[in-house]
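K.L.:
Below, each chain spelled out in residue letters.
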Amino acid sequence: MYGILTIFRKEMGDHFNSLRFLLISALIVMVGVIITSMVGMAIQEELKGMAKPSLIFLLLFTSTGKLFSFVQFIGFFGPLLGIFLGFDSINRERVSRTLSKLVSQPIFRDSIINAKFLSGVAIIAIILVATVLLISGLGIRLVGVVPGVEEVSRLVIYVVISLLYISFWLGISILFSVIFKSAATSALASLAIWIFFSFFVSLGASVLSDAVAPVTQTASGVDAEMLIRHERIQRLTSLVSPMTLYSEATTTILDPMRKTTRTLILMGPLERFSMSRFQSPLPLLESIFIVIPHLISIVAITLLCFGICYLVFMRQEIRTV
Amino acid sequence: MKGQIIVETEDLTKKYGSRTAVDHLNIKIEEGEVFGFLGPNGAGKTTTLLMFLGLTEPTSGRAKVIGFDPTREPFKVKEKVGYLPENVGFYDDMDARQNLRYIAKLNRISGEVSEKRIDYWLEMVGLSEESTKKVGTFSKGMRQRLGIAEVLIKEPKLVFLDEPTIGLDPDGTNRMLDLIHSLSREKNITLFLSSHLLDQVQRICDRVGIMINGNLVAIGPIEELAKKKLGLDQQDYTLEEIYMKYFKEA
Chain X
1 MYGILTIFRK EMGDHFNSLR FLLISALIVM VGVIITSMVG MAIQEELKGM AKPSLIFLLL
61 FTSTGKLFSF VQFIGFFGPL LGIFLGFDSI NRERVSRTLS KLVSQPIFRD SIINAKFLSG
121 VAIIAIILVA TVLLISGLGI RLVGVVPGVE EVSRLVIYVV ISLLYISFWL GISILFSVIF
181 KSAATSALAS LAIWIFFSFF VSLGASVLSD AVAPVTQTAS GVDAEMLIRH ERIQRLTSLV
241 SPMTLYSEAT TTILDPMRKT TRTLILMGPL ERFSMSRFQS PLPLLESIFI VIPHLISIVA
301 ITLLCFGICY LVFMRQEIRT V
Chain Y
322 MKGQIIVETE DLTKKYGSRT AVDHLNIKIE EGEVFGFLGP NGAGKTTTLL MFLGLTEPTS
382 GRAKVIGFDP TREPFKVKEK VGYLPENVGF YDDMDARQNL RYIAKLNRIS GEVSEKRIDY
442 WLEMVGLSEE STKKVGTFSK GMRQRLGIAE VLIKEPKLVF LDEPTIGLDP DGTNRMLDLI
502 HSLSREKNIT LFLSSHLLDQ VQRICDRVGI MINGNLVAIG PIEELAKKKL GLDQQDYTLE
562 EIYMKYFKEA
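Chains as they are written, first to last, in this note's numbering: chain X, 1 to 321; chain Y, 322 to 571.
Honestly, the hints are just simulated from the structure, not real lab data. Please read these numbers as outputs of a predicted model, since none were measured by experiment. The C-beta atom is built at its ideal place from N, Cα and C for all residues, glycine as well. The reader is advised that the hints may include incorrect statements.
Below, simulated DSSO-like cross-link-like pairs (lysine-lysine); rule was C-alpha separation at most 30 Å, straight line [claimed, not checked]:
#1 Y:Lys-385 <-> Y:Lys-426
#2 Y:Lys-461 <-> Y:Lys-478
#3 Y:Lys-461 <-> Y:Lys-426
#4 X:Lys-10 <-> Y:Lys-478
#5 X:Lys-10 <-> Y:Lys-569
#6 X:Lys-10 <-> Y:Lys-349
#7 Y:Lys-548 <-> X:Lys-10
#8 X:Lys-10 <-> Y:Lys-437
#9 Y:Lys-437 <-> Y:Lys-336
#10 Y:Lys-454 <-> Y:Lys-426
#11 Y:Lys-461 <-> Y:Lys-385
#12 Y:Lys-508 <-> Y:Lys-550
#13 Y:Lys-401 <-> Y:Lys-550
#14 Y:Lys-549 <-> X:Lys-181
#15 Y:Lys-336 <-> Y:Lys-397
#16 Y:Lys-349 <-> Y:Lys-385
#17 X:Lys-10 <-> Y:Lys-454
#18 Y:Lys-508 <-> Y:Lys-454
#19 X:Lys-181 <-> Y:Lys-478
#20 X:Lys-10 <-> Y:Lys-426
#21 Y:Lys-475 <-> Y:Lys-397
#22 Y:Lys-569 <-> Y:Lys-550
#23 Y:Lys-401 <-> Y:Lys-349
#24 Y:Lys-385 <-> Y:Lys-397
#25 Y:Lys-455 <-> X:Lys-181
#26 Y:Lys-401 <-> Y:Lys-461
#27 Y:Lys-385 <-> X:Lys-10
#28 X:Lys-181 <-> Y:Lys-569
#29 Y:Lys-454 <-> Y:Lys-397
#30 Y:Lys-349 <-> X:Lys-181
#31 X:Lys-10 <-> Y:Lys-336
Reference listing, derived: stretches of chain X covered by chain Y, where coverage requires no fewer than 3 residues with Cβ under 8 Å from a Cβ of chain Y [as the list claims (entries may be wrong)]:
#32 2-13
#33 106-115
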């Protein structure tokens, strides 16, 4: 425990002193502020002379405005943040030959990897919380609405989910930094995984569903059962990707109007109309129930990833040359 | 001064796949001595040191270092044993004092005690004036001396030095050897020196062991080995002659 604390403190110091940390946080803060001010002004414009609807505050995070929403930005950039913070954490020490010195001190070897992982998680938490607070502050000024208990709790859950999700990528990059001796290789490997999950899994899902359950246009229209099967397969396959898990979980939590994580709901225009008449926001607890499986999956893959990393590192022989 | 056994191995063996790096090593080191561990590159010297520190597991056999089994209780061993790896590395963006402070903290030494020891050892290795310079600007010799200070900050009973003088200039080498010598004589620290710079080993070591291809082919005081191998009684032998003879036989 003592060793973890000492290494944790040093790692935190290293992070704060590094240019990398400065650049990443500057970028996130900058993008966050720009998006929020654009979205905030748009909301202000639309709400002129109207009573303010409930849960408007969350729109600051989910509304896409002209570019993309803050939530989308974190969904896209978050993995990169995790990768940047971790891709050279172990092999940097290996290259500078400090690792063999470190492991010959009276500390447990796992405290090195635990401390590195925890310090990365702490940095991610600091960046996320700071940015969300900054955006909220800006939002309060622009929209003129103070968030209520429910909005705040939804945002807190959002931050927690994001933290877990980015920690998963941190775990991936630390794993590669343990396996590969060169920092460039581990960075590229982590990026390759990221690209695979973000682009190819969804592509693969649609290819697979087309192959297994092709939707054919017949004279009598589309076979409904086939269409449902097609959608189900596509959805199940894309859930392999942590990106899908994350984006479904966050959109459900931040958008109380959503009652399901499914993107496609088969409905005729009349049904849709009748539904929207009775539409009201989902209570927070119900939203949580919907995303719990996603949350558990994200925690599971994060732990799995860190577990593998831990095992590999503990069994590795560390030499100077 | 001597007497207690501080390092002891029993058929210590390490295999990497089909290659045997260390083959049934039996060695005994007494407290307070300076032991020179010789051998060509790749003879298994560093592997042996790693097994002594519990950094790698032996395939078979066992070792006892300061009374503990390094595979089972690496923590206890590392508390009292220092290890200076070959070409030791530092955190280049921290200064000498910060580097030492970090290592001291990892050894649970902090506050005033640690500052005192840091001052003392920086003085001993002659780096007091450079203590606030970034280690990245240090020369090879300075890094090596800082490495020694770092190992000694935890006041070990036993120190493993892996090629401590490699890459140093003649003056630096001399100062390093003097320092090592005085450690053994004044502080009663047992030193286990792995090297292939034979003239230096001859200068400071009480006993030597020669390892070739994972086998310990000779062990004992230098004079004894000289008598045995060269049949000479007089002083005009060098360790190099003895070593070469063993090397050719192996």
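K.L.:
Each hint needs a verdict: does it hold in this structure or not?
P.N.:
Hints versus structure:
no.: 1; hint: Y:Lys-385 <-> Y:Lys-426; result: holds (26 Å)
no.: 2; hint: Y:Lys-461 <-> Y:Lys-478; result: holds (26 Å)
no.: 3; hint: Y:Lys-461 <-> Y:Lys-426; result: holds (25 Å)
no.: 4; hint: X:Lys-10 <-> Y:Lys-478; result: holds (28 Å)
no.: 5; hint: X:Lys-10 <-> Y:Lys-569; result: violated (50 Å)
no.: 6; hint: X:Lys-10 <-> Y:Lys-349; result: violated (39 Å)
no.: 7; hint: Y:Lys-548 <-> X:Lys-10; result: violated (54 Å)
no.: 8; hint: X:Lys-10 <-> Y:Lys-437; result: holds (21 Å)
no.: 9; hint: Y:Lys-437 <-> Y:Lys-336; result: violated (44 Å)
no.: 10; hint: Y:Lys-454 <-> Y:Lys-426; result: holds (20 Å)
no.: 11; hint: Y:Lys-461 <-> Y:Lys-385; result: violated (33 Å)
no.: 12; hint: Y:Lys-508 <-> Y:Lys-550; result: violated (34 Å)
no.: 13; hint: Y:Lys-401 <-> Y:Lys-550; result: violated (36 Å)
no.: 14; hint: Y:Lys-549 <-> X:Lys-181; result: violated (46 Å)
no.: 15; hint: Y:Lys-336 <-> Y:Lys-397; result: holds (25 Å)
no.: 16; hint: Y:Lys-349 <-> Y:Lys-385; result: holds (10 Å)
no.: 17; hint: X:Lys-10 <-> Y:Lys-454; result: holds (19 Å)
no.: 18; hint: Y:Lys-508 <-> Y:Lys-454; result: holds (29 Å)
no.: 19; hint: X:Lys-181 <-> Y:Lys-478; result: violated (34 Å)
no.: 20; hint: X:Lys-10 <-> Y:Lys-426; result: holds (11 Å)
no.: 21; hint: Y:Lys-475 <-> Y:Lys-397; result: holds (13 Å)
no.: 22; hint: Y:Lys-569 <-> Y:Lys-550; result: holds (12 Å)
no.: 23; hint: Y:Lys-401 <-> Y:Lys-349; result: holds (18 Å)
no.: 24; hint: Y:Lys-385 <-> Y:Lys-397; result: holds (11 Å)
no.: 25; hint: Y:Lys-455 <-> X:Lys-181; result: holds (25 Å)
no.: 26; hint: Y:Lys-401 <-> Y:Lys-461; result: holds (27 Å)
no.: 27; hint: Y:Lys-385 <-> X:Lys-10; result: violated (33 Å)
no.: 28; hint: X:Lys-181 <-> Y:Lys-569; result: violated (37 Å)
no.: 29; hint: Y:Lys-454 <-> Y:Lys-397; result: violated (33 Å)
no.: 30; hint: Y:Lys-349 <-> X:Lys-181; result: violated (36 Å)
no.: 31; hint: X:Lys-10 <-> Y:Lys-336; result: violated (36 Å)
no.: 32; hint: 2-13; result: holds (count 5)
no.: 33; hint: 106-115; result: holds (count 3)
Checked against the numbered hints given earlier, this structure breaks hints 5, 6, 7, 9, 11, 12, 13, 14, 19, 27, 28, 29, 30, 31; the rest are met.
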